Amino acid sequence: MQQRQWLGIMCVIAAAALWSLGGVGIKSAHADAFAIAGVRSFFALFVLAAALLWQQASHQGNLLQTTLARRYVWWGAASYALTMIAFTWANKLTTAANAILLQYTAPIFVAVLARPLLGEPIHRRDRWSIGGCFFGMAWFFLDRLSPSGMFGNLLAIVSGIGFAGIAICLRADARTQPPTGGTPPSSLVLIALGNALTALCCAPAIVASLPLPVTTLWLLAGLGILQIGVAYVLFAIGVSRVSALESTLLAMLEPILNPIWVALATGERPSAMALIGGAIVVGVIVWRQLGKTANT
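For the sequence shown, our numbering assigns the number 1 to the initial residue and increments by one for each residue that follows.
Treat the hints as calculated values from the structure; they're not laboratory data.
Treat the numbers as computed from the prediction; the structure is a model and nothing was measured.
Among the clues, some could well be false.
[Stated by the list, open to error] Restricting the straight-line Cα-Cα distance to at most 16 Å, the calculated cross-link-like pairs of lysine to aspartate or glutamate (EDC-like) are:
| no. | residue 1 | residue 2 |
| --- | --- | --- |
| 1 | K92 | D32 |
| 2 | K27 | E268 |
| 3 | K92 | E246 |
Hey, can you work out the whole structure from these sequences and the hints?
Right under this line is the structure:
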């Protein structure tokens, strides 16, 4: 294995491990869900801004100004903010396992939305995957859920739709750029802008929650800097060095590790129905990605 590929694998694994801390961090923070989302994104901006400055230094012209002029970047940032807020809120209402596994249905929503929005065809494997994922999702709702737990599951699905919106907007934005490859990818700008929008939308909740407990403030600072900021930078480095299949499969460590950290820290355990549904969802996503890679 080449050193470049090995570095990429380690970066994606590290990113997935950091992402997986989101559930236990949100569960442990003593604050309103909107305040948690906003403060976490605020601290993430410090890392993302530094990464943007480094990226700007390696390109000619005003990268930030050029990218911010592209409308799909703004739509993608709005989708990102929706994802962050819905996922955080979901974690406060349902189990961490339900929240992360239902969010990971995002690739199926990409397949559903790509046809009407991007004109991309839906292949046979996509159709089977869509059906399989919805079948897996149904298991999460077979538990005896309280109204808040049911709403939490629905919010987790909304976060998956928002995550799919990010992918759709990145694809749409790439199509508007010259095919020469001279324009840098917009993903880092989109993520930074998305965190800024999240912090802005949640500002009223942050103000209402003041003063935050010191331990919660330190926890959210760590989540923002490491679990979002550093993780996205590591993932960006990693995906440029490994195949799409490798990055997808390695990133699946997140929904596996997330409930484990929560169980160890808080004792919260997923139900049997959630485990069955989660296994179906993860299996379908992996099967779909393997098929896509085999056909390319």
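Violated hints, by number in ascending order, as checked against the structure: 3
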